[in-house]
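Chains as they are written, first to last, in this note's numbering: chain P, 1 to 109; chain A, 1001 to 1115.
Rather than coming from a laboratory, the hints here were simulated on the basis of the structure. A portion of the hints provided could be inaccurate.
Facing chain P, from chain A, some residues (calculated, C-beta under 10 Å) [stated by the list, open to error]:
#1 S1018
#2 Y1031
#3 P1039
#4 L1045
#5 A1056
#6 F1090
#7 S1096
#8 G1109
Note that the structure is a prediction, hence the values are computed from the model and not measured. Just so you know, even glycine gets a beta-carbon here, dropped at the ideal spot from N, CA and C.
Letter by letter, the chains look like this.
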Amino acid sequence: AQRVTQPEKLLSVFKGAPVELKCNYSYSGSPELFWYVQYSRQRLQLLLRHISRESIKGFTADLNKGETSFHLKKPFAQEEDSAMYYCARLNFGNEKLTFGTGTRLTIIP
Amino acid sequence: NAGVTQTPKFRVLKTGQSMTLLCAQDMNHEYMYWYRQDPGMGLRLIHYSVGEGTTAKGEVPDGYNVSRLKKQNFLLGLESAAPSQTSVYFCASSYSLSRGGTEAFFGQGTRLTVV
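So here's chain A without its partners, still in its complex pose (with noise of 0.2 Å):
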């Protein structure tokens, strides 16, 4: 059992270079997260999706765009990739959090560096 899947797990790239985060889970779940991870900054909610084709605003919205075609893959696109954009990019998967399920299962996240 994968659980949640990231892939690329490394990447750098240049400035104004567009690129997509793919984020795959095997199960089953409706609700899709991506985070951006920074030191002394926690983790930030870019944006999630409680279903297939269906897609929402986090906190750190700017700068990204999400697709949620298929229910197993969150994809998290950067159009024209910034210096700011550098850091751990994470993705996560559940079950409805406030309907019976027990907790977020988070992927291994992808080191993202704009140089």
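Chain P with its partners taken away, still in its complex shape (with noise of 0.2 Å):
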């Protein structure tokens, strides 16, 4: 099975101190990877797409294909970046969409 792990489930960030927040993936190919974003009372909302390489809002996560990893990061954060934030996969054959297990990010004033 393809997966995406997600190592932590919380962190902690103090405003304007760099964030970063760790995504692994099972190897298989030429992976297309995701990060959504869920504001609270929100609904999922796509964040960035590995394939667009665009920075959204700040964010920026670049494909380690030697580590499998998929990290996303900003150098400055702010108090509206706290969120739950989602990794996931496409699997290319099926059109599966895989999610990793969350991490719950909070930026301390």
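Starting from the two chains in their separate frames, assemble the complex, guided by the hints.
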């Protein structure tokens, strides 16, 4: 099974400090990976996708095939970044979209 | 543009009762997904559909059935609800994510409690 692992369930970071949310995937060719975010009382929404290589809300994520990782980073945390973050992987063959267990990020003022 | 709409938003069921959750999308998406969200477990795929009239099992299909009779609707059924099915259920839809679709769009969720 193609798995997505987010090792941190909870992460607290001071405002202005750098943020890194970890995501590792099981190796299988060229994966397509996503980061989704869920703010309090809102639906999940796409934060960024590997193939688009865009930076959204100051977040970036680089695919490291050697380490099979797709960590999400932001240089300076803001209070509005407090949310639940999910890493997800697409299986190209059957279009299954599989999510990790999520990391709840709390920004400390 | 409503996007993805789930009905109902909240429901309390007694053990053994049945119910159907409705997901409706107005974006003409081929693909639709049902997930459940549980603390510490993240989002787990229950069933999904790659087109009208087709369904496939996800990671945790047991105890659920689905139907996709119309392209815009994806129904999730619980034939005999159990307390272990207490969860928040999310529906999502997309164009093919491997052939041009940019993202899966999510509904607002249905909070189901089985007592």
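Against which earlier hints does the structure fall short, listed by number upward?
1
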